[in-house]
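2 protein chains.
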Amino acid sequence: MSDGVLAEVLRGDRVESRHGGRAVVVDAAGRVVWSMGDVAAAVYPRSTVKALLALPLVETGTASRLNLSDDELALACASHNGEAAHAETAARMLSRVGRDVGCLECGTHWPTLDSAARELAAEGKAASPLHNNCSGKHAGMICVACDQGIDPTGYISPDHPVQQAATAVLAEMTGAAHEDAMRGIDGCSMPTYAIPLTALARGFARFGGGVGLHPDRAAAASRLRAAVAAAPFMVAGSGRFDTVLMRHFGERLFCKMGAEGVMVAALPQLGLGFALKADDGGNRAVEVALAALLRRFGGDVLQEADHAVLDGLAHQTLRNWNGLTVGAIRAAVPDR
Amino acid sequence: MSDGVLAEVLRGDRVESRHGGRAVVVDAAGRVVWSMGDVAAAVYPRSTVKALLALPLVETGTASRLNLSDDELALACASHNGEAAHAETAARMLSRVGRDVGCLECGTHWPTLDSAARELAAEGKAASPLHNNCSGKHAGMICVACDQGIDPTGYISPDHPVQQAATAVLAEMTGAAHEDAMRGIDGCSMPTYAIPLTALARGFARFGGGVGLHPDRAAAASRLRAAVAAAPFMVAGSGRFDTVLMRHFGERLFCKMGAEGVMVAALPQLGLGFALKADDGGNRAVEVALAALLRRFGGDVLQEADHAVLDGLAHQTLRNWNGLTVGAIRAAVPDR
Chain A
1 MSDGVLAEVL RGDRVESRHG GRAVVVDAAG RVVWSMGDVA AAVYPRSTVK ALLALPLVET
61 GTASRLNLSD DELALACASH NGEAAHAETA ARMLSRVGRD VGCLECGTHW PTLDSAAREL
121 AAEGKAASPL HNNCSGKHAG MICVACDQGI DPTGYISPDH PVQQAATAVL AEMTGAAHED
181 AMRGIDGCSM PTYAIPLTAL ARGFARFGGG VGLHPDRAAA ASRLRAAVAA APFMVAGSGR
241 FDTVLMRHFG ERLFCKMGAE GVMVAALPQL GLGFALKADD GGNRAVEVAL AALLRRFGGD
301 VLQEADHAVL DGLAHQTLRN WNGLTVGAIR AAVPDR
Chain B
1 MSDGVLAEVL RGDRVESRHG GRAVVVDAAG RVVWSMGDVA AAVYPRSTVK ALLALPLVET
61 GTASRLNLSD DELALACASH NGEAAHAETA ARMLSRVGRD VGCLECGTHW PTLDSAAREL
121 AAEGKAASPL HNNCSGKHAG MICVACDQGI DPTGYISPDH PVQQAATAVL AEMTGAAHED
181 AMRGIDGCSM PTYAIPLTAL ARGFARFGGG VGLHPDRAAA ASRLRAAVAA APFMVAGSGR
241 FDTVLMRHFG ERLFCKMGAE GVMVAALPQL GLGFALKADD GGNRAVEVAL AALLRRFGGD
301 VLQEADHAVL DGLAHQTLRN WNGLTVGAIR AAVPDR
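Protein chains in written order, with this note's numbering: chain A, 1 to 336; chain B, 1 to 336.
FYI, nobody ran anything at the bench for these hints, they're computed from the structure. Quick reminder that beta carbons are idealized off the backbone N, C-alpha and C, glycines included. A portion of the hints provided could be inaccurate.
One-sided and incomplete, this derived list gives chain A residues near chain B with beta-carbon spacing under 10 Å [to be verified]:
| # | residue |
| --- | --- |
| 1 | Arg11 |
| 2 | Arg46 |
| 3 | Thr108 |
| 4 | Ala117 |
| 5 | Ile156 |
| 6 | Asp159 |
| 7 | Gly184 |
| 8 | Arg223 |
| 9 | Phe241 |
| 10 | Glu260 |
| 11 | Gln269 |
| 12 | Lys277 |
| 13 | Ala278 |
| 14 | Asp280 |
| 15 | Gly323 |
From chain A, some residues computed to sit far from chain B (all C-beta separations above 10 Å) [what the hints assert, rightly or not]:
| # | residue |
| --- | --- |
| 16 | Arg14 |
| 17 | Ala218 |
| 18 | His248 |
| 19 | Gly271 |
| 20 | Arg296 |
| 21 | Gly312 |
| 22 | Gln316 |
Given only the sequences and the hints, what does the whole structure look like? Please build it.
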């Protein structure tokens, strides 16, 4: 069924579970440097493309006019934990265009970080759309609409001008057609278009390295990467892989997780883009696999301390509720 | 890599993720009726065998002497949500032998049901080992030890007499050797022994139908099945697959989920035993796949209303945070 093994989960020294999947690395020219499995097949990128969807926020000049901070730009690219700082930042973005939580069309869920959900409950508060992990992406689109004098109502619809502009950027960045027939509905009700995994990787090679982009777009990508590097907590949150990795690497690395086991990354200095998809949708698999692929393809970008960080993320010890070591999760893709 | 497809996850009408795995159905004589994939390979049964581990609780006479209720016996077989009733029932089991939460060696985690965790937090309370999803299994073993005058301390160790007795029952019921070399440590710190998937199914064919068992053991299995059927909430909890299925079927069906995508079931009237393992550890896959296999092999046990319930569980609509239909999860194993 599967195209290869991304990661293995061990209990003791026995493999208990394994995750099949696909992965591809492309260079600045869009050439495939390495791949595993059917990387021409279309996958839903889900939240991996949030930074691409945020490009209009910068390109239109909205971010400058509203004086959006690094925190706010990073949150526009985020699948966040719903921690207090995330919800507050989303509210601040909305307030910059005179709007509030009532404008969000993402739906409500409790913070994905369990401890944040419990803290909220302990304070006698309820979850709101601000806690939805996509609230920053939604707030960003509302900012673009309002700043341009467009009614944001219905911004989640494929027909809304702000959504159409964002979809056009996705098509330009990835080089893949974004047709109605390839459209699914995401967890937050925005469209998500199935595209080849190679196209997804190509989009992030460009987002990272800027090769072939109009200078305005390259500048917008650079601004978003700088924001995320300055505020890696905002893009995910406490304990999250994306935050841990980007906090360590700063502007040398961009990465983003998506639901159902999708992952993208860019090494801007090398112009490389990465895209991975776990066949079964298991996010734990693409985390360890990406760490191994970064180890292998990071070249001169990697310093001594980086190797240790990546090795630790590519092979993680699993402990149980008593803190006993019970097993491990390790990448099955080549790491050197 | 994989042996076959258990389940597919769709977004729109496009397959977004798929789960490979293995499954086997055996009859009362232990013969394989149907199988998919390498069912001779050893898998960790994890929590699927809790009802077998609870057999000594009944066989030793401990359950009768302590006058354990259906709720308490069902909790001994449970991976529960940590809802208030679960934690209270675990505490009551311990109190029957003059013990309390301090005796539990399972470790602490917050209730696995998010809303139960938030309720606890909202009351200003903290999680305790009583909320650990395995607390009933642990309390059951402590009851056996204390009732027999054995110090329960260290009951989670493979060397403790109560643990050794439980392991011997596993070996007898499944027909599989439970050797030290096959032992892993479970999330709650008890041992879990890797055995062939066919042996696991055989254990539950016997647990359900009683064929080939000593009359005392058959009676103990029958008592536990009756308890679980009478108190299906205790074995899992609100919204959980095991609870939903057994609440509907009563004594006509036994099923139990285990971590990392393991599932067992029995149809006592037919003497059939089922065991499934998702290669990637995805529990959602074995739920829908079991529903399909029950549909196919349920024979005369199934009435009109049962078909509708099983069809609904084998093909479930997925909705997003706004309640929009975004896709489905459906079994890929044959359902008729």
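Against the structure, the hints:
no.: 1; hint: Arg11; verdict: holds (4 Å)
no.: 2; hint: Arg46; verdict: holds (9 Å)
no.: 3; hint: Thr108; verdict: holds (6 Å)
no.: 4; hint: Ala117; verdict: holds (6 Å)
no.: 5; hint: Ile156; verdict: holds (9 Å)
no.: 6; hint: Asp159; verdict: violated (16 Å)
no.: 7; hint: Gly184; verdict: holds (4 Å)
no.: 8; hint: Arg223; verdict: violated (30 Å)
no.: 9; hint: Phe241; verdict: violated (18 Å)
no.: 10; hint: Glu260; verdict: holds (5 Å)
no.: 11; hint: Gln269; verdict: violated (33 Å)
no.: 12; hint: Lys277; verdict: holds (9 Å)
no.: 13; hint: Ala278; verdict: holds (8 Å)
no.: 14; hint: Asp280; verdict: holds (4 Å)
no.: 15; hint: Gly323; verdict: holds (8 Å)
no.: 16; hint: Arg14; verdict: violated (6 Å)
no.: 17; hint: Ala218; verdict: holds (32 Å)
no.: 18; hint: His248; verdict: holds (28 Å)
no.: 19; hint: Gly271; verdict: holds (30 Å)
no.: 20; hint: Arg296; verdict: holds (21 Å)
no.: 21; hint: Gly312; verdict: holds (22 Å)
no.: 22; hint: Gln316; verdict: holds (15 Å)
Going through the hint list in order, the structure does not satisfy hints 6, 8, 9, 11 and 16.
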